[in-house]
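Model the full structure from these sequences, guided by the hints.
Which chain is which? The protein sequence lines are A and B, in order.
Here the first sequence is numbered in this note's numbering, starting from 432 and rising by one per residue.
Here the second sequence is numbered in this note's numbering, starting from 432 and rising by one per residue.
In case anyone wonders, no lab produced these hints; they're calculated from the structure.
Careful, some of the hints might be misleading.
As the list claims (entries may be wrong) - Computed spacing ranges between beta-carbons, pair by pair:
(1) A/Glu718 x B/Thr670: 30 to 38 angstroms
(2) A/Glu718 x B/Lys777: 29 to 37 angstroms
(3) A/Asp705 x B/Asp496: 49 to 57 angstroms
(4) B/Pro462 x A/Ala719: 33 to 41 angstroms
Said to hold, decoys possible - Using 20 angstroms as the maximum straight-line C-alpha spacing, the simulated SDA-like pairs for lysine to any residue come out as follows:
(5) B/Lys785 x A/Arg455
(6) B/Lys762 x B/Ser736
(7) B/Lys790 x A/Gly728
(8) B/Lys790 x A/Ser743
Stated by the list, open to error - Covered, in the sense of this in silico footprint (three residues per stretch, anywhere, with C-beta under 8 angstroms from a C-beta of chain B), are these stretches of chain A:
(9) 497-510
(10) 730-744
(11) 758-765
Idealized CB from N, CA, C, for every residue including glycine.
Number of protein chains: 2
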Amino acid sequence: MIERFIVIMAGGKGERFWPQSRLRRPKQLLPVVGNSPLLNQTVERLSGFVPLENVFVLTNSLQRDAVLEVCPQLPEENVVAEPVGRDTAAAVALAAFLVKQRNADGIFAILPADHVIYDKASFHSVLNSAFMAAERNKVLVTIGIVPTEPATGYGYIQQGEEIEKIEGHSICRVERFVEKPDLETAKRYVDSSEYLWNGGMFIWRVQVIEKALESYVPELYTDFLKIEQQVKKGVPILTTLAELFPGLQKISIDYAVMEKADNVVTVPANFDWDDVGEWSAIARHSEADPDGNVLKGSVMVEKGSNNLVVSSEDHLVALIGVEDLIVVKTKDATLVCHRSDGQNIKRLVERLGKEEKYKDFL
Amino acid sequence: MIERFIVIMAGGKGERFWPQSRLRRPKQLLPVVGNSPLLNQTVERLSGFVPLENVFVLTNSLQRDAVLEVCPQLPEENVVAEPVGRDTAAAVALAAFLVKQRNADGIFAILPADHVIYDKASFHSVLNSAFMAAERNKVLVTIGIVPTEPATGYGYIQQGEEIEKIEGHSICRVERFVEKPDLETAKRYVDSSEYLWNGGMFIWRVQVIEKALESYVPELYTDFLKIEQQVKKGVPILTTLAELFPGLQKISIDYAVMEKADNVVTVPANFDWDDVGEWSAIARHSEADPDGNVLKGSVMVEKGSNNLVVSSEDHLVALIGVEDLIVVKTKDATLVCHRSDGQNIKRLVERLGKEEKYKDFL
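Next comes the structure, spelled out in structure tokens:
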């Protein structure tokens with residue numbers, strides 16, 4: 432019997448959401464949008480699609496405790512921590528192994544932990560067609576989000592001809608994956624109606640993705656086989672991962688497989704989708720005052736527009752005569768950032784990591 | 432014997448230094464410039480000029496405890512709290528009464544608590560000449576600061592002919608007092624060399640200022656006489672002030688007396704002087720980084736210039752892509768203000784006072 436599984440990738444650092452997002456409690460474990468942590472929303476979004484015991488979360492050792500706390504509904508053994516991050520190809524190999532241990536004929540979806548999708552019914556419908564496509568054919572399925580604007584922050588998928596329709600959803604060939612474009616290119620993409628956003632959601636059979644790993648990243652594949660063999664011999668998986676996972680090739684699944692394989696298909700999806708990539712995403716999901724300010728917690732604006740301010744009830748942030756700022760106040764750190772510099776928060780966090788006296792703020 | 436006294440006016444709210452400056456601990460009780468609270472610096476600046484027992488501090492009931500804590504060197508009975516603020520004319524009447532109780536022939540200086548003057552020797556020298564002028568003649572003496580720039584934040588004194596020279600300092604008639612000018616007028620003032628900054632420092636005999644109050648604000652004068660009579664009858668001064676001080680006319684000494692009297696003289700002073708009127712004054716007294724940022728406490732600037740940031744060692748404030756901001760982080764409140772809006776902090780504080788839920792932040 433072919434069984435369906437979900438593996439949620441939750442090992443990110445969420446650096447662009449500093450100072451709320453921290454090494455031990457990154458973005459996906461915080462309610463940056465909505466009332467519960469993004470990971471919890473991602474797990475809840477799957478209810479009715481697969482049973483909880485078929486949902487895995489891949490995280491890292493720093494965050495595992497917080498993941499269990501945020502997702503008490505998950506079986507503890509389904510939350511697996513990588514000892515160190517080795518990018519997404521190694522994570523996919525580990526995911527395939529976890530699923531295979533449950534069901535050698537398993538088919539699984541890789542889903543990011545930190546995306547916001549409100550239309551659960553539409554999401555299930557697309558995901559179901561994607562699973563069916565992966566069941567019927569030896570293909571690597573990716574969900575492509577129909578773009579609503581010429582975003583420059585996402586990679587794109589150029590879709591090819593429609594192969595079939597499953598339960599109302601097109602299954603299309605993929606012509607190519609393209610990197611984050613500049614604005615002009617993005618506009619062309621959106622105008623052409625040929626391009627989809629790459630949302631990092633993949634669906635495939637265990638055997639099919641293993642075959643692809645073997646073909647395109649053989650070194651990673653054979654190194655991972657050693658992990659499998661050791662676990663089969665009875666060595667605990669955590670011990671084995673601690674020993675062998677750090678030696679795996681560090682490469683993304685996009686570079687390693689998706690951009691090379693010829694059996695990739697995509698399911699264009701129309702559901703709402705937001706990867707909540709940086710602070711300004713919060714403003715998109717919140718109501719603004721008449722001056723365009725989005726204010727959380729105790730905030731007073733004497734004069735100012737288009738600011739995003741995140742404070743708490745017991746701490747007053749006052750703004751006077753400022754525009755287009757992101758101000759985030761946490762217990763031990765405060766960010767004051769121009770809205771157009773949201774991408775540079777990552778650079779700041781890198782600097783923090785290099786200075787001993789600032790390590791506590793990571 | 433004519434004895435010299437100093438009365439320091441320390442009842443201000445320091446609203447422009449919110450959120451550090453609070454009702455119970457305003458600017459003058461904080462080390463906003465230098466290593467000790469401004470009031471303490473003001474008291475220390477007098478050492479060698481008059482004995483400490485001749486130094487009074489006028490404050491208000493909310494701040495008296497903090498004043499005593501900040502100035503442990505002062506005799507406790509020299510720190511007198513007004514039950515409510517009634518502007519500076521009433522405060523001067525009270526000051527005259529306090530001095531008179533010690534010495535009916537006393538002569539005293541009124542000094543603001545929150546100004547910064549580093550050149551103590553020069554300050555003593557000017558103050559000594561001012562006291563001598565007030566001793567010799569029945570005049571109201573004011574110290575006029577020789578302006579170093581066309582400041583629009585101060586009132587000006589137009590100086591007239593020199594009457595005499597005392598110990599190297601000119602004693603000049605005052606033609607008139609003028610309100611804060613616009614920039615163009617200020618430039619004319621400075622170019623003319625006829626104008627001095629009004630620093631709010633006055634020196635006079637008890638009898639001379641009492642005579643002036645009687646002439647120009649007779650209602651205030653006679654109302655204050657009732658306070659004196661009640662104290663002479665043996666009613667404690669605090670009880671008397673609580674009962675009668677709130678009924679006094681609310682008017683500044685400048686409006687009430689200085690702008691009307693014809694016996695006002697000024698001593699032009701060349702010492703350094705800063706009234707530390709708002710946050711940007713801090714930047715003037717601090718060293719900036721190569722990008723013009725003045726940073727106190729734990730602060731990191733990823734990209735940005737001409738910012739003033741005040742934090743603490745245990746709280747990191749990070750700036751990215753911002754210019755000309757004042758960022759002040761305290762335990763329970765944070766200000767983010769454009770440098771050109773420093774004067775609007777007062778308006779913000781007024782709004783806080785009107786909203787019940789924000790009263791704790793005053």
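Structure-based check of each hint:
1. A/Glu718 x B/Thr670: 30 to 38 angstroms: 55 angstroms, violated
2. A/Glu718 x B/Lys777: 29 to 37 angstroms: For B/Lys777 against A/Glu718, whose Cβ atoms are near 30 angstroms apart, the range 29 to 37 angstroms holds.
3. A/Asp705 x B/Asp496: 49 to 57 angstroms: With Cβ atoms ~53 angstroms apart, the hint holds.
4. B/Pro462 x A/Ala719: 33 to 41 angstroms: The hinted range 33 to 41 angstroms holds for B/Pro462 and A/Ala719, with Cβ atoms some 39 angstroms apart.
5. B/Lys785 x A/Arg455: Distance of about 41 angstroms is beyond 20 angstroms: violated.
6. B/Lys762 x B/Ser736: Outside the cut-off at roughly 25 angstroms; violated.
7. B/Lys790 x A/Gly728: Roughly 16 angstroms separates the two Cα atoms, so the pair holds.
8. B/Lys790 x A/Ser743: 16 angstroms, holds
9. 497-510: violated (count 0)
10. 730-744: Satisfied; 4 residues make the cut.
11. 758-765: This one holds; 5 residues, not fewer than the three required, reach chain B with a Cβ under 8 angstroms.
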